[in-house]
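The listed protein sequences correspond, in order, to chains A and B.
If you're matching positions, the first sequence starts at 1 in the numbering used here and goes up one per residue.
If you're matching positions, the second sequence starts at 1 in the numbering used here and goes up one per residue.
Fair warning: there could be bad hints in the mix.
[Claimed, not checked] Facing chain A, from chain B, some residues (calculated, C-beta under 8 Å):
| # | residue |
| --- | --- |
| 1 | F13 |
| 2 | T17 |
| 3 | Q120 |
| 4 | A124 |
| 5 | N126 |
| 6 | W134 |
| 7 | K136 |
| 8 | G169 |
| 9 | S191 |
| 10 | P193 |
| 11 | G196 |
| 12 | R219 |
| 13 | S223 |
| 14 | K227 |
| 15 | R232 |
[As the list claims (entries may be wrong)] Calculated Cβ distances over 12 Å to all of chain A for the following chain B residues:
| # | residue |
| --- | --- |
| 16 | T2 |
| 17 | E24 |
| 18 | M32 |
| 19 | Q56 |
| 20 | A84 |
| 21 | N91 |
| 22 | D96 |
| 23 | V114 |
| 24 | L125 |
| 25 | N170 |
| 26 | R173 |
| 27 | G218 |
[Said to hold, decoys possible] In silico BS3-like cross-links for lysine-lysine, where the CA-CA straight-line distance does not exceed 27 Å:
| # | chain 1 | residue 1 | chain 2 | residue 2 |
| --- | --- | --- | --- | --- |
| 28 | A | K65 | A | K33 |
| 29 | B | K238 | B | K251 |
| 30 | B | K238 | A | K31 |
| 31 | B | K238 | A | K33 |
| 32 | A | K86 | A | K65 |
| 33 | A | K86 | A | K31 |
It is worth saying that the hints were derived from the structure and are not from the lab.
Cβ coordinates follow ideal geometry from the N, Cα and C atoms, glycine included.
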Amino acid sequence: MPVPVVDTNVYLSRWPFRRLPCDDTPGLVAKLKSAGVQRAIAGSFDALLHRDIEGINRRLAEECKAHGAGMLMPAGCLNPAIPDWKEDLRRCQETHAMRVIRLHPNYHGYTLEDSSALELLAEASKRKLLVQIACEMEDERTQHPMVRTAAVNPAPLFALPNGGGRVQLLNHRGPVKGKSVWIDIAMTEGVHGIQRQLQAAGDGRVVFGSYFPFFYLESALLKLTESGQTESGIARANALRMLEEPR
Amino acid sequence: MTIWDLHCHPASFGGRTPEEAMAETIRLCDVMGIERVCVYLSTLAHADPTPAQFRQHNDYILRCVGHFAHRAFGFAYVNPNYAAESVEEINRCVRDGPMVGIKLWVARRCSDSVIDPIIQRAAALNAVIFQHTWSKTNGNLPGESTPEDMAALAARHPRTPIICGHTGGNWERGIRVIRPYANVYADLAGSDPTAGFTEMAVRELGVSRIIYGSDTGGRSFSSQLAKVHGARIPEGAKRAIFSENLKRLIKVKG
Ligand SMILES: [Zn+2]
Numbered sequence: 001m002p003v004p005v006v007d008t009n010v011y012l013s014r015w016p017f018r019r020l021p022c023d024d025t026p027g028l029v030a031k032l033k034s035a036g037v038q039r040a041i042a043g044s045f046d047a048l049l050h051r052d053i054e055g056i057n058r059r060l061a062e063e064c065k066a067h068g069a070g071m072l073m074p075a076g077c078l079n080p081a082i083p084d085w086k087e088d089l090r091r092c093q094e095t096h097a098m099r100v101i102r103l104h105p106n107y108h109g110y111t112l113e114d115s116s117a118l119e120l121l122a123e124a125s126k127r128k129l130l131v132q133i134a135c136e137m138e139d140e141r142t143q144h145p146m147v148r149t150a151a152v153n154p155a156p157l158f159a160l161p162n163g164g165g166r167v168q169l170l171n172h173r174g175p176v177k178g179k180s181v182w183i184d185i186a187m188t189e190g191v192h193g194i195q196r197q198l199q200a201a202g203d204g205r206v207v208f209g210s211y212f213p214f215f216y217l218e219s220a221l222l223k224l225t226e227s228g229q230t231e232s233g234i235a236r237a238n239a240l241r242m243l244e245e246p247r
Numbered sequence: 001m002t003i004w005d006l007h008c009h010p011a012s013f014g015g016r017t018p019e020e021a022m023a024e025t026i027r028l029c030d031v032m033g034i035e036r037v038c039v040y041l042s043t044l045a046h047a048d049p050t051p052a053q054f055r056q057h058n059d060y061i062l063r064c065v066g067h068f069a070h071r072a073f074g075f076a077y078v079n080p081n082y083a084a085e086s087v088e089e090i091n092r093c094v095r096d097g098p099m100v101g102i103k104l105w106v107a108r109r110c111s112d113s114v115i116d117p118i119i120q121r122a123a124a125l126n127a128v129i130f131q132h133t134w135s136k137t138n139g140n141l142p143g144e145s146t147p148e149d150m151a152a153l154a155a156r157h158p159r160t161p162i163i164c165g166h167t168g169g170n171w172e173r174g175i176r177v178i179r180p181y182a183n184v185y186a187d188l189a190g191s192d193p194t195a196g197f198t199e200m201a202v203r204e205l206g207v208s209r210i211i212y213g214s215d216t217g218g219r220s221f222s223s224q225l226a227k228v229h230g231a232r233i234p235e236g237a238k239r240a241i242f243s244e245n246l247k248r249l250i251k252v253k254g
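If we strip away everything but chain A, and leave its shape as in the complex, we get (with noise of 0.2 Å):
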């Protein structure tokens, strides 16, 4: 199978409505090693309904270096619809030293026209923190009766004059219309899916994340061959253009 150099949709702790095959950080990378794959960025499901930010980002920064094999880049929770996120954001940077943060607008209420988000984005652009989005994080038709969302719609960025600075979309299952944000393959579906996403977000936006544990890791690990994009920027070098490292 393909290697890719960063799988930049990992995630940590427990999913709320099931357990997962290597929802444990060590077996996760463990799996990740076996497949090949470097690095990977590594957001906490617990972000989805906790409400303790920084519980969550210390929890997260601490797995990462005890558990991480040095693998693991932690992506931060932050949540603009609660009071006094702006110190959660300084932490993640200032305490955590993280380059990155992770996004979960349906499961916090708010879309990406509200202010706080806005807000939110600018600062992050300020502080040159790269902006993880994920756009759903499970099927509509699958969720649990009772903690329903819809996905988050990104066309709101599309507008913005920076495109919101440097996000990275998660878990979008489209193509984006717009090509100021990086993209990943986690749910890109349907035959020449990945080929589709490449016209419509341009070949450097599209980027390798496997929303490994919560999907079966082989899932875009196939995508690549079944594509043909094994040898591509999605495997390689998009990842570090987006991470602003060399290549």
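Let chain A serve as the given structure and place chain B with the ligand on it in line with the hints.
Showing chain B with the ligand alone in chain A's frame:
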């Protein structure tokens, strides 16, 4: 490992003709290591097709399997709302033609006994019976079967093997519902590659009642193959799910 794909819609692979669409289907099957595919429906139009419409779908599929008989099996699309015409169509496509199964979709819930002549005719011809099911958190279509509808159908035809398409989508629920019915098979196709699906199906149903399928082109082969390649189950279970169980139903030598 030999892989047969239970669930594929070639028309969504592009091409101007069934032959061109199938050529692209088979090209991707080769890339992904799939030996044979079961094909049905020409488009995803006609949720409640008239006899003229389902014949048109099946004419398309006859052209698909005509040119790729060594790689593809056809299933005839039929509709319980036209039971007599559906039986005639099964005769045309399966008894007198090359098809090996039938596809039932969302025209009418399969718990309704109007479907019985179709099931009986298919069973008499040893045709594989594929019934779509979903159990959507946000609501099913009016004629869309749930796994509970499947259970009612299976109870009326206890000796007829029937495939529970998508295992209801909400698989933790669907697996439970079909568990008591030994004649019902779980189809893995057409939902997100959520980890744990295949493992739970193996645990609750046993390896011999689970069948891999993709539901391409609405899905990729990759996301669906991953459900088996990525599952923490023995290699023997993967072989059963990837081809052996389907081979037993289709009753041909691989
Ligand atoms: Zn289908």
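Chain A versus B/R173 - minimum CB to CB distance exceeding 12 Å, so not interface:
B/R173 not clear of chain A: closest Cβ-Cβ about 9 Å, inside 12 Å.
Hint validity - B/A124 Cβ closer than 8 Å to any chain A Cβ:
violated, 35 Å
For B/A84, which was marked as not at the interface, is the minimum beta-carbon distance to chain A over 12 Å?
Correct as stated: the minimum Cβ-Cβ distance to chain A is 34 Å, above 12 Å.
Beyond 12 Å from every chain A Cβ - status for B/D96:
It holds; B/D96 is separated from chain A by about 31 Å at its closest Cβ, greater than 12 Å.
Can B/K227 be said to touch chain A, with a Cβ gap under 8 Å?
holds, 6 Å
Mind checking the alpha carbons of B/K238 and B/K251 for me, to see if they're no more than 27 Å apart?
OK: B/K238 and B/K251 at ~19 Å, within 27 Å.
Would you check the hint for B/K238 and A/K33, treating anything up to 27 Å between C-alpha atoms as holding?
holds, 23 Å
Given the hint that A/K65 pairs with A/K33, does the C-alpha gap stay at or below 27 Å?
Cα-Cα ~16 Å, so holds.
Checking the smallest CB distance to chain A, is B/E24 really beyond 12 Å?
violated, 8 Å
Next pair to validate is A/K86 with A/K31; report whether the Cα-Cα distance is within 27 Å.
violated, 35 Å
Find the nearest Cβ of chain A to the Cβ of B/N91 and say whether that gap is larger than 12 Å.
B/N91 clear of chain A: closest Cβ-Cβ about 32 Å, beyond 12 Å.
Verify this label for me: B/Q56 is non-interface relative to chain A, using a Cβ-Cβ cutoff of 12 Å.
Answer for B/Q56: holds, closest chain A Cβ roughly 22 Å.
Comparing the model with each numbered hint stated earlier shows that hints 2, 3, 4, 5, 17, 18, 25, 26, 27 and 33 do not hold.
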